[in-house]
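Line by line, the protein sequences give chains A and B. For the first sequence, the residue numbers in this note's numbering are 79 to 537. For the second sequence, the residue numbers in this note's numbering are 458 to 1144.
Derived from the structure by calculation, the hints contain no laboratory data. Just so you know, not all the hints are guaranteed correct.
Coverage of chain A stretches by chain B, computed from C-beta distances (three or more under 8 Å per stretch; other residues unrestricted) [to be verified]:
1. 196-203
2. 342-348
Short derived list, chain B residues pointing at chain A, Cβ under 7 Å [stated by the list, open to error]:
3. GLN666
4. GLU810
5. SER1102
6. THR1106
Which residues of chain A face chain B? A few of them, derived with a C-beta cut under 7 Å, are [claimed, not checked]:
7. GLY145
8. PHE326
9. ASP336
10. GLY398
These numbers were taken from a predicted model, which means no experiment stands behind them. Idealized CB from N, CA, C, for every residue including glycine.
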Amino acid sequence: MDITRRLFLKNGGIALASVGFAPVLGPAFLRQAAFGAEIDAQKRKKTLVCIFQRGAADGLNIVVPHGDPDLYRLRPSLAVPRPSAGKAGAALDLDGFYGLHPALAPFLPIYKAGHLAAVHACGSPDGTRSHFDAQDYMESGTPGSKRVSDGWLSRTVLACPEDQAKLAAAKAGSPFRAVALGGDHGLPRSLQGDAGALAIPDLKTFGVGLPDVAAKGKGRRQAAGGGAAMDNAAAVAAAHRNSVVDGFETLYDSTVGDVLHGTGKESFEAIAMLKKANPGTYTPANGAVYPNGRFGDSLKQIAQLIKADVGVEVAFAEMGGWDTHVNEGPRLTQQLREFGQGVAALYQDLGDRMSDVVILTMSEFGRTARQNGNNGTDHGHATCFFALGGDVNGGKVLGKWPGLADGQLYENRDLALTTDFRAVFGETALKHLGAQGLQRVFPGYAGTTADFRGVLRTA
Amino acid sequence: MTTNSRKKQQIIFSALAACGVAAGVGLPALHTFADPVKKVKNMVGGDKGKPAVRVPMNKNGATLRPLTEEEKIVHVLNRLGFGPRPGDVEKVRAMGLERYIDQQLKPESIPDTALDQKLAAYPSLQLSSVQLSEMYQTYQVAYRQSRAVRKDIIGRTTQADAKPTPAADGSASPAANAQEANRKMLAEATPQERQDLMTARQDLLKASQPVVQAQTQFVDSKVLRAVDSERQFQEVLVDFWGNHFNIDIRKQPCAILKIVDDREVIRPHVLGKFRDLLGASAKSPAMLVYLDNFRSTTDTPMRNPRFANRRKALATAVENPAQGAVATPGQDAVAAVPVAPKPPKKRAGGLNENYAREIMELHTLGVDGGYTQKDVTEVARCLTGWSLGRPGTARAAGGQGKNTQAGEFRFYPALHDNGEKIVLGHVIPAGGGIQDGEKVLDILANHPATMRHVSTQLCERLVSDNPPAALVDRCVATWKRTDGDLREITRTIVQSPEFFSVAAYRSKIKSPFEYAVSSVRALGGTVAVADAAVRGRGRQGVQVRPPQGGGYFYLNTTSMVGEIGTMGEPLFQYQAPTGYPEESQKWVSAGALISRMNFSLALTGNKLTDVRLTNLAQTLPNTRDINQFLDLFAGQILHQKLAPSTRATLLKEATTASPQTVSTEGDAAAAPRLAALLLGSPEFQRR
C-alpha cells in the first residue's frame, strides 16, 4: 500500500514538474486525488530542526511555574525565585504565571516577538525513568513499544509529499535531506530508517584525505622544512591521495547488497555536494554569536547547510549533560546559558529564513518535583519543550498546567503529563512539513489532530 | 612501447579476464566471501529438493555450508582477538585451532613478557587507589588555590561589575566573557597579586601533571594491550565487560579511579564468577562516583558524634562539586575527594537511585527484567552507605592524612538505611547493615533474567547482532550448571556451531576501536610506548578537565586514541551508563565511514605518532607478478579472496597512480596506498 502510494506520488510529482509552473490548474486536483486531502499550494520547502536535550531536562526550572506556590514548597532551595523577588537569579516573567530561567534571557525577545512558544507538562505517556528507554521511545515515536525500528523523523520525511522543491532536491540526490550534526556517534534513532539520513560529526572535517587531515602531525612538520622539492613531493602526494579517494569510491560502489554500500554512496555524494556549497568560510549573519563547543558548532553548521540550499528538510542536533542529580543550580544555569544562546543564535542567524524553519526542542522526561538530598533532582516524568519559528504560534506557554499539589503529582513525585509529545511532534510534522497521516508517522497513536496544542499558526 | 606499458596492458587484460571468469563461472567461494548469507540463500533457491541429511539451517530455512578450516581460524582471530597479524593464521593452524581457543580461555597460561616490558613504561597503572586519590587531592588543592587567588583579585578590582557581561543579548560567548574577565583582572592586579597568581598557576600545573599522565597512560595502555598482547581474548573480554560496566572518565575523578577499576574489578574477573565481577564493580570507587552511589544515604542518618566528621565531609562533597565557574556537562561529581571542608550549610545526604536503577537495567536484569520503580528505591536503600573513604581534613590543610582508606570502598553504617526492604519479592530484614547490599547482589546475580540478559549480550558481542535463541539457552544452562562461571559460559559460545557458522562469519561491523587495532595488527605494526607517554606531557598536559561543551579528551590528536575518538568511540568517554552499542548498524554512518578511510590513510602514511610500521616493507609479498602480488598482499590483510571489482581498483591504483609496478624489487611506493585501500575497504570493516 505504502509503496504504491509513494510511487504514485513520485510519478505525480514528475508529471507536475513536466507541466511546469502551473500552480492554479493541475496541482490541487492532482494532490487531492493523491492524498484525499487539501495541501497548502503556497507552501515552500520547509525545514524542521530538532534539538534533543539528552539526560532529562528539568522543565520546572526551565519554564518556571512561579505562580504555583507548591513549587517553592517542593523545592525550597532549588526553585528559581519568583520574578517579583527582584533579585539576581529570579525568573523572567512571561505571563504572570510562568517565567523563564534567567539563563534563558536570549529567549525573551523571541517570545515577545511571537516566534517562540513553550509547551509545558509535555512528554512521554510511558512511565519509564530509564534515559535509554525514554530516549528510544521518544525518538522512535512509539512510547512503550520497541518493535518499531525506524525513527519518527525518518517516517516523517517519507510521509511528506514530493512537492516541487523536494522533488528537485531528490533529483539532485540530496544526501542532506535529513542530517544529524555534531552527534556523539552514529545516526540518532530519530533519523534511522528508510528515508536515508546523514550523520556529520563536523562539517569542517567531512571529507576523505583532506589536506588539513593529511597535514596533521608528522606531515605538517615535514612540509615545514621542505622548499621546492617538498612542493613537488606535495603535488605527488596530493595526486596519490586523490587516486586513493577515487579508489575508495569505486570499492564502496561495487559492494552491492551490503549495508556498507548505501552508506558509502551517501558519503561520497555528500562530499561532492559540500564541495560545491563551500562551507569552509562561514560567517553567521545578523551578528549571531554561537556559544563555543560542540552544541554551538552543530547549530552553526545546521544554519550553514540550510543556507547552502542543499535540500535539508530535517536537521537534528543534541546537547547532553541535563542529568542534574547533584547540585543542580549552577549546573543547570550553565547548561541553559549554552542552550539558550545557541538556539537564539540559530534563530538570529537564519533571519528571514525562519519563516520556513521550525526549531523544536525535546527531552526524554522531566525530573522529580521535589529536590533530592543532593540539591539536585532525580528522574521524573513530564517536562517542557520549546518551538521557535515564523510559523510558530508564539508568545505563549501552551498546554494545561496540572498543578504540583499533593494528589496532582504523577506517582506522587513528578510533574504530571498533560500533553503527549506526539501531539507536538505530530503538529510540526503535519502542519509545518506537510507530512500526510498522523498514524503513519506515529503508529499506534490514538490521538488525533484535535489533540494538537496549537503550536503552529493556522494559515 | 616500453616494457612497462606492455606489462600494464597484460595486467589489465588479466584483470579483465579474472572478472570474466568470475562473472561466467560464478566462483561460488568468492561470492560467498563477499556476502555469505545472500549467496547461501541463492543456492537454496535453486535447489528446492529435500536434503537427504539434516544440515544446519538459518532462520529462513536456508542450508548453511560449514566454514572452511582457514575461515574458522580467521574467525577466531577476529572474534577472540583483534584480528590476525601477519603469520598468525599459520601459527594457529600449526598449533591447532582447538588448542588455541583453549589457551585463550586460560590467559594466565600465556606468557606475555614483551607486553609486560612495554607496560613498564606506564608506571601509573600500578598506583593504588590511595595513591591516586592523594594525587587527585593535591591537584584539587592547587586548583582551589588558583581559583581563590583569582577570585580575590577579581573581587577587589571589579566589585562594581563583578559579573561578566551577561550573555543575555547573545553578544558574547561564555569563553569570550571569561577571556575578557581574565584580561581585566590581569590589568588591574597589583604586582604582588600577579606574583601570587603565577605561583598558584605553576603549582596547579605541577599538581595536574601526574594526574593527566596517569589518565593518559591508562587510556594509551588499552590500545597497547589490544595491539600487542598475546592474551588477545582477555583484551576482547576486558573491552566487553568494561563497556558493560561503563564508566565515563570525564566525570572526575573517574579518570584516575578507572585505573583501579580496570586492574582490580574488570580484568581479574572476566573469566571468573559473574557474582564476583558484579560485587567488585559495586565496590569500585570509579563506579561509586560515576553512578552517584557514594552520595546516597538514608534520609535520617544516625546522629552518632563519631560520624560527625564524615557527615561533614560528605556534606562538603555535596556543597562543593569543585567545578569551575564554567562547568562542563558530564563532569558533575567532581568532588569525590572534598577539600578544605566548610561547615555544611544544611544537612546533606538522601537517597540517590542512579546506581540502583542502572545495576538492574544495565548490569544484571535488563530493562525488561521485571523490576518496578519500588524495587529501584528498595535496592537504593539497601546500598546506602556504600561509599568510599575520604581523606581527613588534616591532609586538606596540607598536613599528614590519617585515613588510609582514602579513595577505597568503604561502608558507612551511620549513613545506611537499616529498615526492612523488599527487593524483587525477597524480604531483607531490618538491621542488615552492609549485608543488605550483598544480598541484593546475590539476588541480582542469580536471577534468571540476569542470566538471559547477560548471556545475550555476550553472544551479541561474540557471535552476531541477533544471536540464535538456542545458543542463548545453552549459555543460560551453563550459567545454572556452573553458578555463573564466565569462563564456561564464554566457552559454550566460542565452541558452538552457531559461532562457527556462515551466518556469523564476518557478520559484525568492527567498532572503531576494533577497526583501528586490527588495522595496525594487519600491517604488523606495534605501539610506540615512549611517544605515547610523551603525548600526555605535551600541549594538552595540563588538562585534567575535559574540553568544554561535551567535548572529549584526546580528540584531534594524531594518535591511535585520538583517531579512535574521531571515528566515534572516544575511549572510556561514553556519557550514558549503557556503554557503546553492540549493534553493527550503529557504527555505520557516512561520517563514520569517511573518518575510517581517513584513518587508513593516516596509518599507512605513517602519520600516527604512536604506531611503528617498520614491518610493512618486510611483510610485502616477494613477487614481481603484480596479480600474484595483489592476491598475496590482499590475502595478508583481508584473509579472503579478492572480489573482481576490488581487484580492479587495486590494480588501477598500483599501475596508473604509480609509474612502476609494485614488487619488493621495484618501486614499493604504491604499497602504502594499496594498504590504505584494503584497510579502508568495505571488507575490512567486518569481523
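query: Should the interface hint for GLY145/A be scored as holding, given a Cβ-Cβ cut-off of 7 Å against chain B?
result: It is violated, given that the least Cβ distance between GLY145/A and chain B is near 23 Å, above 7 Å.
- request: Would you settle whether the hint for SER1102/B is holds or violated, based on the nearest Cβ-Cβ distance to chain A being less than 7 Å?
  value: At 3 Å from the nearest chain A Cβ, SER1102/B passes the 7 Å test, so the hint holds.
Given hint ASP336/A near chain B, where the shortest CB pair must fall under 7 Å: Holds, about 6 Å.
message: Just to be careful: measuring from the Cβ of THR1106/B to every Cβ in chain A, is the smallest value less than 7 Å?
response: For THR1106/B, the interface hint holds, since the closest Cβ of chain A sits about 5 Å away, which is under 7 Å.
query: With 7 Å as the cut and Cβ atoms as the points, is GLY398/A at the interface with chain B?
result: holds, 5 Å
- request: With a cut-off of 7 Å on the beta carbons, see whether PHE326/A makes it to chain B.
  value: holds, 5 Å
query: Quick check: the stretch 342-348 of chain A, covered by chain B? Criterion 3+ residues, Cβ under 8 Å.
result: Contact hint for the stretch 342-348 of chain A vs chain B: holds, 4 residues under 8 Å.
- prompt: the stretch 196-203 of chain A covered by chain B? Criterion: 3 or more residues, Cβ-Cβ distance below 8 Å.
  reply: With 0 residues closer than 8 Å to chain B, the stretch 196-203 of chain A misses the three-residue bar; violated.
task: Please verify that hint: GLU810/B, Cβ, nearest Cβ of chain A, below 7 Å or not.
output: holds, 6 Å
- prompt: Does GLN666/B pass the interface hint, meaning its C-beta sits closer than 7 Å to a C-beta of chain A?
  reply: violated, 23 Å
Violated hints, listed in ascending order, are 1, 3, 7; each of the other numbered hints is respected by the structure.
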